[in-house]
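K.L.:
Residues per chain, in single letters:
Number of protein chains: 2
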Amino acid sequence: MSGKSIPNRILLPEDQTPRQWYNLRADMPEQPEPLLNPTTRQPLREEELYPIFCKELAHQELDGETRYIDIPDAILDYYKTYRPSPLHRAYRLEEALGTPARIYFKFEGNNTSGSHKLNSAIAQAYYAKAEGLAGLTTETGAGQWGTALSMACAHFNLPLTVYMVKGSYQQKPYRRSIIQTFGAQIIPSPSDTTNAGRAILAQIPDTTGSLGCAISEAVEKAVTSEGHRYVLGSVLNQVLLHQSIIGLESKSALALYDEYPDIIIGCAGGGSNLGGLIAPFMQDKLTGKANPRIIAVEPASCPSLTRGKYAYDFCDTGKVTPLAKMYTLGCQFIPSANHAGGLRYHAMSPILSKLYHDGYMEAVAYEQSNVFEAATFFSKTEGILPAPESSHAIRSAIDEALLCKASGEAKTILFGLTGTGYFDMAAYEQFLSGTMTDHVPTDAELETFFAE
Amino acid sequence: MSGKSIPNRILLPEDQTPRQWYNLRADMPEQPEPLLNPTTRQPLREEELYPIFCKELAHQELDGETRYIDIPDAILDYYKTYRPSPLHRAYRLEEALGTPARIYFKFEGNNTSGSHKLNSAIAQAYYAKAEGLAGLTTETGAGQWGTALSMACAHFNLPLTVYMVKGSYQQKPYRRSIIQTFGAQIIPSPSDTTNAGRAILAQIPDTTGSLGCAISEAVEKAVTSEGHRYVLGSVLNQVLLHQSIIGLESKSALALYDEYPDIIIGCAGGGSNLGGLIAPFMQDKLTGKANPRIIAVEPASCPSLTRGKYAYDFCDTGKVTPLAKMYTLGCQFIPSANHAGGLRYHAMSPILSKLYHDGYMEAVAYEQSNVFEAATFFSKTEGILPAPESSHAIRSAIDEALLCKASGEAKTILFGLTGTGYFDMAAYEQFLSGTMTDHVPTDAELETFFAE
Chain Z
1 MSGKSIPNRI LLPEDQTPRQ WYNLRADMPE QPEPLLNPTT RQPLREEELY
51 PIFCKELAHQ ELDGETRYID IPDAILDYYK TYRPSPLHRA YRLEEALGTP
101 ARIYFKFEGN NTSGSHKLNS AIAQAYYAKA EGLAGLTTET GAGQWGTALS
151 MACAHFNLPL TVYMVKGSYQ QKPYRRSIIQ TFGAQIIPSP SDTTNAGRAI
201 LAQIPDTTGS LGCAISEAVE KAVTSEGHRY VLGSVLNQVL LHQSIIGLES
251 KSALALYDEY PDIIIGCAGG GSNLGGLIAP FMQDKLTGKA NPRIIAVEPA
301 SCPSLTRGKY AYDFCDTGKV TPLAKMYTLG CQFIPSANHA GGLRYHAMSP
351 ILSKLYHDGY MEAVAYEQSN VFEAATFFSK TEGILPAPES SHAIRSAIDE
401 ALLCKASGEA KTILFGLTGT GYFDMAAYEQ FLSGTMTDHV PTDAELETFF
451 AE
Chain U
1 MSGKSIPNRI LLPEDQTPRQ WYNLRADMPE QPEPLLNPTT RQPLREEELY
51 PIFCKELAHQ ELDGETRYID IPDAILDYYK TYRPSPLHRA YRLEEALGTP
101 ARIYFKFEGN NTSGSHKLNS AIAQAYYAKA EGLAGLTTET GAGQWGTALS
151 MACAHFNLPL TVYMVKGSYQ QKPYRRSIIQ TFGAQIIPSP SDTTNAGRAI
201 LAQIPDTTGS LGCAISEAVE KAVTSEGHRY VLGSVLNQVL LHQSIIGLES
251 KSALALYDEY PDIIIGCAGG GSNLGGLIAP FMQDKLTGKA NPRIIAVEPA
301 SCPSLTRGKY AYDFCDTGKV TPLAKMYTLG CQFIPSANHA GGLRYHAMSP
351 ILSKLYHDGY MEAVAYEQSN VFEAATFFSK TEGILPAPES SHAIRSAIDE
401 ALLCKASGEA KTILFGLTGT GYFDMAAYEQ FLSGTMTDHV PTDAELETFF
451 AE
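Order-wise, the sequence lines are chains Z and U.
Everything in the first sequence is counted per our numbering, starting at 1 for the first residue and increasing by one.
Everything in the second sequence is counted per our numbering, starting at 1 for the first residue and increasing by one.
Treat each hint with caution, since some may be false.
Which copy is meant is left open, because identical chains are indistinguishable; a pair holds if it fits in one copy or across any two.
Said to hold, decoys possible - Here are the simulated BS3-like pairs of lysine-lysine, each with C-alpha atoms no more than 30 angstroms apart in a straight line:
1. 411 to 319
2. 405 to 129
3. 380 to 405
4. 319 to 129
5. 80 to 405
6. 380 to 55
Keep in mind the hints are simulated off the structure, nothing from the lab.
Using the sequences provided together with the hints, build the complete structure.
P.N.:
Here it is in structure tokens:
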């Protein structure tokens, strides 16, 4: 296969775009451990999720069997406004690195929400609307999920309340404005609108909040508001299901050029992008059809896979959610204040945690200045300003490509470019001016969170 | 033709994408008035432009005859990374307005520079590199051109110095950072690096600068630096040539569905987007093949077409550039400080000025709060956050669609959505919070600039 015959941007023809999501659980030899009711500690039944999630999403959350799920027409229609997303061959990056590796990236930042989050946001909003709900609640940290969901809710005329981590709310006023422009109500968290928020404020009045705390508030608001449900942009099984569109498109687009990745790399916070990107490749791996390396990349300041424990934990700080068995740093964990990007959730998707635990995946962690070095290098070579989150995958892809350079191997590398960094220029500015600092928690620090 | 068979996003097949730019001047019954040497007041010869522009671009600037110009392969390759840009059918907007009109928009904001400026930036950088230049200089106001050109120069490893209007430099630190991330040097204008800048600083030490002043500095820097040339993102004939790709793609994409616009609407600052969008439709109009209405939309605070004079004027504040016959507010004109978006140039492209003067085009002007009302309405319906500049066209398209609603006519409307507003959230915030103000210069105010 001649590398030069491959275009620098591959768009899957519309008649080859996926019309079904792929449910990775259907091919897992062992299922992830079940969610537990936080009170009874018994496996959750679907009905027990109805107060939190709309019925179809509750069903998807617990459905480990159905392999392929039809994407409803209304969602396919919406997907057509920005999908298939392009698969890029990173010729310029390869050349700049002098690597024999062929580097591809699936670019999910070219929709107007700026990230892959829209893939699940539009699905969750659709099912909520179809059930006739009065509104949704959610949380957002870096703001990508809040932006995507506010667009999706505007599309379906569905009221939305977003609890935004107070630190982000203050540091990213423009993220706040865009979410408001799309019509959502936005509340800095912790707030006095919920018991969970008031409890944390009483304890630490000047806290800048955390994702776990914002989740507690959004869940509480949903279950106490008539006709409202809660939605979440990562971690959940349903989210990985919706995000499988990323991997399905990637695999088909590569197949057009007889390519198959030797290495698949995704950044990992809660796992939404990674789980979606790797889904069909992991299927091949689980069913013995292929054996690609799969690498999860996380921040060294929030290292759930590489330094967390595989244990049952709450999904939120306020301990109101079900318990999930995940790699976790403890539900009270908050990344150091100098951590600039997203990927700040205390735990990892139960599906990905199980796959990692069972040896199907690798994980690496990078410090942020190393990540921003890769981001600026990538900006200059490929002309795309990546989100800090995505740049973790870039760092790893560059490192793997440099290993290929050293060994002379022409491996095929695929990574997920989840979004753009236009709202993260403050962090870029820190990096450019040399004022960016790193933080790696000590074992002792981590132990204090595990102890709680 | 059934409206419902048209998808909400039309992507032109790759084998139908344009491989030539279209030079509108070749079909104009009367040519625009020639550029004049500022000293001799005689028509400029191509060689006289060589100190400012690289040779091929100097040639394109003065070439009124060649109808189609081949796009070099290196530029076609780059275009493939983000073109064809999508043509959207605005079903949701039509529905929200209750109009029988069919509304289309050509979306140029989905490349990673966020605007149509990249179409000409990559061309100008290519020709400069091909000529072996040592570097380029330019100016930027709102920052879209600076961003696009810094990406283009990074692609060709070409050093770039950007003079950024000081007001924007201070108000938009993130625009500054993104341009720096792509590797360009950025200098707030007026600066002490040029005679033009020093002269203005001596006169008005606390000035926030103007586009015209930044142009003076960038031109001076280019002509006084070994191997450097100046590039500009609008106004010029060469820019309209490169931007014709917008209109060519739009026309072909509409033709796939047997559509042809009754009304074509573009925002107009210096004319780069408008001139490109309308090019092939204006060709039809000039050659009697069709007779669409063509509407230029400008800010009421910088109304060059609607309230300017058609006269020879300098392209810059410092009066170092050639003279062009244009609709102008006077080269000393600076829009009111409360003007939020771009479209702040004191004059209009000589080609568009001539066409407007000869009756081939209409022009309207809107106040900015009216424009932002359209922008937020559009955000919620179409899920795209438009740039303030683009939103001028949205305002006009909505108004025309409402006239169709009143008259019951199912007209086909095409407008140009030139870019996204992610770096303009401060202005959106003003609008959302009700603190945005408008400014329409009085006749007396305008006369003071004409008098100079």
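K.L.:
None of the hints should be skipped; say for each whether it holds.
P.N.:
So, going through the hints one by one against the coordinates:
no., hint, in the structure
1, 411 to 319, "neither (45 angstroms within a copy, 57 angstroms between copies)"
2, 405 to 129, "between (51 angstroms within a copy, 29 angstroms between copies)"
3, 380 to 405, "within (20 angstroms within a copy, 48 angstroms between copies)"
4, 319 to 129, "within (28 angstroms within a copy, 60 angstroms between copies)"
5, 80 to 405, "between (39 angstroms within a copy, 28 angstroms between copies)"
6, 380 to 55, "between (46 angstroms within a copy, 27 angstroms between copies)"
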